[in-house]
Structures are given as C-alpha cells and as structure tokens.
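Asker: Go ahead and model the full structure; you've got the sequences and the hints to work with.
2 protein chains.
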Amino acid sequence: MIALPDIRSAAAVIAPHVVRTPLLPFGPGWLKPENLQPVGAFKLRGALNALARLENRAHGVVAYSSGNHAQAVAFAARLHGVPAAIVMPDNTPAVKIEATKALGAEVFIVGITERVERAEALVAERGAALIPPFDHLDVIAGQGTIGLEILDDLPGVEAVVVPMSGGGLISGVATAIKSLRPDVRVIGAEPELAADIAESLEAGELVRWDPLKRAQTSADALRDEPSELTWAHISRYVDDVITVSEEEILKAVTGLARHARLIAEPSGAVAVAAQAKLGGGVAIVSGGNIDLALLARLLAA
Amino acid sequence: MIALPDIRSAAAVIAPHVVRTPLLPFGPGWLKPENLQPVGAFKLRGALNALARLENRAHGVVAYSSGNHAQAVAFAARLHGVPAAIVMPDNTPAVKIEATKALGAEVFIVGITERVERAEALVAERGAALIPPFDHLDVIAGQGTIGLEILDDLPGVEAVVVPMSGGGLISGVATAIKSLRPDVRVIGAEPELAADIAESLEAGELVRWDPLKRAQTSADALRDEPSELTWAHISRYVDDVITVSEEEILKAVTGLARHARLIAEPSGAVAVAAQAKLGGGVAIVSGGNIDLALLARLLAA
Chain A
36 MIALPDIRSA
46 AAVIAPHVVR
56 TPLLPFGPGW
66 LKPENLQPVG
76 AFKLRGALNA
86 LARLENRAHG
96 VVAYSSGNHA
106 QAVAFAARLH
116 GVPAAIVMPD
126 NTPAVKIEAT
136 KALGAEVFIV
146 GITERVERAE
156 ALVAERGAAL
166 IPPFDHLDVI
176 AGQGTIGLEI
186 LDDLPGVEAV
196 VVPMSGGGLI
206 SGVATAIKSL
216 RPDVRVIGAE
226 PELAADIAES
236 LEAGELVRWD
246 PLKRAQTSAD
256 ALRDEPSELT
266 WAHISRYVDD
276 VITVSEEEIL
286 KAVTGLARHA
296 RLIAEPSGAV
306 AVAAQAKLGG
316 GVAIVSGGNI
326 DLALLARLLA
336 A
Chain B
36 MIALPDIRSA
46 AAVIAPHVVR
56 TPLLPFGPGW
66 LKPENLQPVG
76 AFKLRGALNA
86 LARLENRAHG
96 VVAYSSGNHA
106 QAVAFAARLH
116 GVPAAIVMPD
126 NTPAVKIEAT
136 KALGAEVFIV
146 GITERVERAE
156 ALVAERGAAL
166 IPPFDHLDVI
176 AGQGTIGLEI
186 LDDLPGVEAV
196 VVPMSGGGLI
206 SGVATAIKSL
216 RPDVRVIGAE
226 PELAADIAES
236 LEAGELVRWD
246 PLKRAQTSAD
256 ALRDEPSELT
266 WAHISRYVDD
276 VITVSEEEIL
286 KAVTGLARHA
296 RLIAEPSGAV
306 AVAAQAKLGG
316 GVAIVSGGNI
326 DLALLARLLA
336 A
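Chains A and B, in that order, are what the protein sequence lines are. Residues in the first sequence are numbered consecutively from 36, following the numbering used here. Residues in the second sequence are numbered consecutively from 36, following the numbering used here.
It is worth saying that the hints were derived from the structure and are not from the lab. Don't take every hint at face value.
As the list makes no split between identical chains, a pair holds if one copy fits it or if it spans any two.
To be verified - Derived DSS-like pairs (lysine-lysine); straight-line CA-CA distance at most 27 Å: (1) K312 x K286; (2) K248 x K312; (3) K286 x K131; (4) K213 x K312; (5) K248 x K131; (6) K286 x K248; (7) K213 x K286; (8) K136 x K312; (9) K136 x K286; (10) K131 x K213; (11) K248 x K213; (12) K136 x K213; (13) K136 x K248.
Answerer: What follows is the structure, encoded as structure tokens:
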C-alpha cells in the first residue's frame, strides 16, 4: 500500500507539469475541477508520477485505455521523451483516438476483448513497460496529490466526495486525507448501475459485478472494478458510498455547465451528483472529455 | 489614475472572497479563467473592492447593468450586508434577472434608455452609493489584481491579452503589469464591430463610435466605451490592439469548450480569439455567462 510520503514525493515530482486546480464554491460545497488538467482529467497526475519513476524506459511504455488514461500516458511520455504505444478498443470515439495520436503516441486499435492481450504482447515484443490505469503504486500516489491540495486549500473541510471505478483516485486521495486528517470523511461516489464497491463495502469483501451490467452506465470511465491493491486502500480508508442514478449524473453535467461554467463528462460529474445528495463537501470533478454533441443535446433539453 | 499600491491593497481585501484562478496551458499560450469566479466573471474583483472601501453604505448601493456587473455588485453587497438595487434594461435575459434576484438584490426593470436616469433617481431618493461598472478607481484597482496573479504565476510571461470595452479590466491589469514589468506587452482585444479603442489608439485620442454600431457584436459585454478615466490608463499603458471577427469570436467559444473544458460567453472569448492571432501569451477569459441554448447550437454545429 502507499503511504503519505509517497504522495508528498509525487506532489513534488508532478508539480511543474500539472495545473494546481483551485477549489470553486458550488452551492453548499466546493468543486475540485480536475477536468482543467491539460488532458482533461486527473489521470495526468498518476501517469506523470509513474513515468517519472520508471527505471525501464529505454524501450518505451505501453498502456491500454479507451479514455483519459490513454491521453495521460501519451502526454507524460512525450514530456519525458519516451515512446508510447496505446492500445484502444475499436469502439473508442474517433476524437479520443485523434487526441492521443496528437500527443505523439502510437495507437493500436483492437477488439474490446483483445486489448489486454495486445498490450501484453507489445510489452513482451519491445521490452516496454506497462503503465496500468490504477493497479500501480506510483499511479495511486500521483492521484493522491489531489487530497493534499484539498487539505491545504480548505483546512475546514468536512467531507471529500470521490468517484470510484478501478479505485486508483480514491485510494490515493483517501490515503492522503486519512493520514493527515482522520476526522475528514472520505465518501465514494458510484453510478447505481456500477455500484460494485458500495456492495463490496457493505459485504466486507470485494464483490464482482458482471462487466456487461457495469457497462450500462453513461459514466463510461467508471465501468472498471477495483484490483486487490485498490480494494486494500478502499476497504481501509473509505467511510461511505453514495450511489447516483443516470438521471442524477446527467443533471450534474448540466448543473456544472450552468452554475460553474465547467464542462464535465458524465463520469466526471458523478461525485457532484453525490455531493448534491450529501449537501456539502468537496466534490472532485474528475474529467471533462465529453462528446460535445452529447453536451449540446443535454444543454438544449 | 490608480497605481500599484492600490492594486496590492485591493488584492488583500478581495482575496478571501474570489477564486485564485490558475493559468491553464492552451495551445502555445495560457488562459486566465475568470469565468470560474462565483458570479462567472472578473467583475466580482472590482465590485468587491469598491464595496469594501465604501464609506457611505448605510443606505445601500445602486448599479445599472444588464450583465455581469449586476451579479457582481449583488454578490459583493450581500457579502457586506448592504442592500443592493440593480437597474436592468428590459431586454436583459430572464436568467440574468433571476440570478441577480437570487443574490438578494432588488431589481428594477426599465427601458434601455432610462437606466442611468433611474439609477441616479434611486441614488437621490435613498442616499445610496452608485457603483459604476468601470469608471471608478476602486473598481479598476480590483480588476488589476488579475495582473498581479499572472506575474506571480508566470514570471516568464511575454504578453497579456485583455478584452476591452469600458476599459476597467485592461486599465487595472495594464497598470499592474507595466508598473512591475514594463517589458511585458499588454495587448487589448476588441470585436471588429466594436473596435473604437483600436481606432482611438491609432488616432491618439478618444474616438467615439455610434452605440448602435457597437451593439451589433455578439460580444454583448463589450458594447461599452471608455470613460476619460479608463482612457487615461489605456492610452498610457496599452501596447497594441488585436481586433477579431464575429466568426473568430464564436470559434474561440467552441475551442474553449473542446480543448479547455471551459464555458465562455462570446465577450469572454474575445481575448482568446486575439491570442490565436498573436500565437501565444496569456488570454483573460473574462466571463462565462452564455445563454446555454446558444452554446448548445454552437457545439452542435
């Protein structure tokens, strides 16, 4: 597991390359707008920390992702002058493929079921290093830097609401917060359609949901499930989970546009939807890479 | 005219109540996203400074505005426990009227030509203080705090691009920047349809444009013209002006949505449109209160 010194060290490593996002007042609480990072998501923090600490970098890095992790690894690799190969499923929106290519990465498009296999093949062929999206200590420590910033900016914080899927973000943030301020509540947010962690915490053990069931949520970045590593952090540190409906998620997307002038993807608005139910606290807006045609439809409705 | 100590003093006064906006990397330059302020515009800075320094506050404050200044004064007045009366023209979008009322202000709707007269009548009747949108030293000093923040965050800055209309924002920002760093270029941005300051700087004297002509730009917050006070600052400090077409303005609005996940109103994107022509520098995104139906149309196009 990671500990506070890992997160402090990550903060120093990534500081020159990430946006120091402010807290924005929002209704009775605050937003931490990680959608303002250069690739549009918090994922940049973990990817930058992992790349910076990578010893075996001569043969490049490999990642598999349909979303924000792809761009984060491509961005971090370019910054460190390391070649990046990104394996993306063939249902990835063209705009995300183009954005990843624009960051200088080599992109491999494969069937959704083949992506892990293909990534592992690239690792084997090239001697490259795999950068996983959440199941990695350096990635988790990078995401945890958000927790340090929240405590620095708002010493009176009572609760932090964090979206959960693979669990990398909340593992890092919860470790930072509970290490320094055990009195601050760390609350996970999940779509009702992908509420496997809520059920796991209830059961006291990791419960697996059918991936096809989880795939139904519009929060397409929250369709993953925890690893043993992230579950160890979650089960130790997370106080509670709030689940939100699809309607509540989309309402949070339009609410952020209307009242905070922020563009969030559905996954990025899940903690904001949960915050509305909680009635306060800091909600992490985790990403902003929404299909703008979808946003246009939501705003016109 | 204002000077650096006025701006430093304003910074201390408003710091607890404004968002310390970060600089966001954007293409070859940076954005200063003032649309993330609580009322969605930089105007909050000047209004807060003016309210804080107001001696005659027992009888409340009065402002006339169809836009961001109305909400800024309402917000600042509520914070200081001072009653606010806001005179708005009858063509103000309902959403802005509701937002101003929601901040606790008393709103008077009048014909567009009657607003100054009605505001002055309220001042006379009540003994209230008028808070003008730009023709006021404390307002200008408040806006200037943006300049201090840019220099703090980016010591290597070469140019700052600032939207111009009444000139309060650029008067403050240019004073801050030229007082500390005369080598940094301060560049005004104007819609081609309201380029009276560009013409004035060319002529070396304040040139007045027909208000009906200026009213044609979609940048509805940039339809004002400088006062003698703001012109004194502009003519002394501003290096150059870049004018932008209506098409360039709307393209900047969609570019901010797509690449920076920020919602800007057309006026708020004018400096970004000018930045694209300059090829770098810091552009101030001055406001984000766009009609969301308009934004939806732009994003769907």
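Asker: Does each hint fit the structure? Answer for all of them.
Answerer: Structure-based check of all given hints:
no. : hint        : verdict
1   : K312 x K286 : within (12 Å within a copy, 37 Å between copies)
2   : K248 x K312 : within (24 Å within a copy, 48 Å between copies)
3   : K286 x K131 : both (24 Å within a copy, 20 Å between copies)
4   : K213 x K312 : within (23 Å within a copy, 48 Å between copies)
5   : K248 x K131 : within (24 Å within a copy, 42 Å between copies)
6   : K286 x K248 : within (22 Å within a copy, 39 Å between copies)
7   : K213 x K286 : neither (30 Å within a copy, 45 Å between copies)
8   : K136 x K312 : between (39 Å within a copy, 25 Å between copies)
9   : K136 x K286 : between (32 Å within a copy, 23 Å between copies)
10  : K131 x K213 : neither (35 Å within a copy, 42 Å between copies)
11  : K248 x K213 : neither (32 Å within a copy, 59 Å between copies)
12  : K136 x K213 : neither (38 Å within a copy, 41 Å between copies)
13  : K136 x K248 : neither (31 Å within a copy, 45 Å between copies)
Hint violations for this structure: numbers 7, 10, 11, 12, 13, all remaining hints satisfied.
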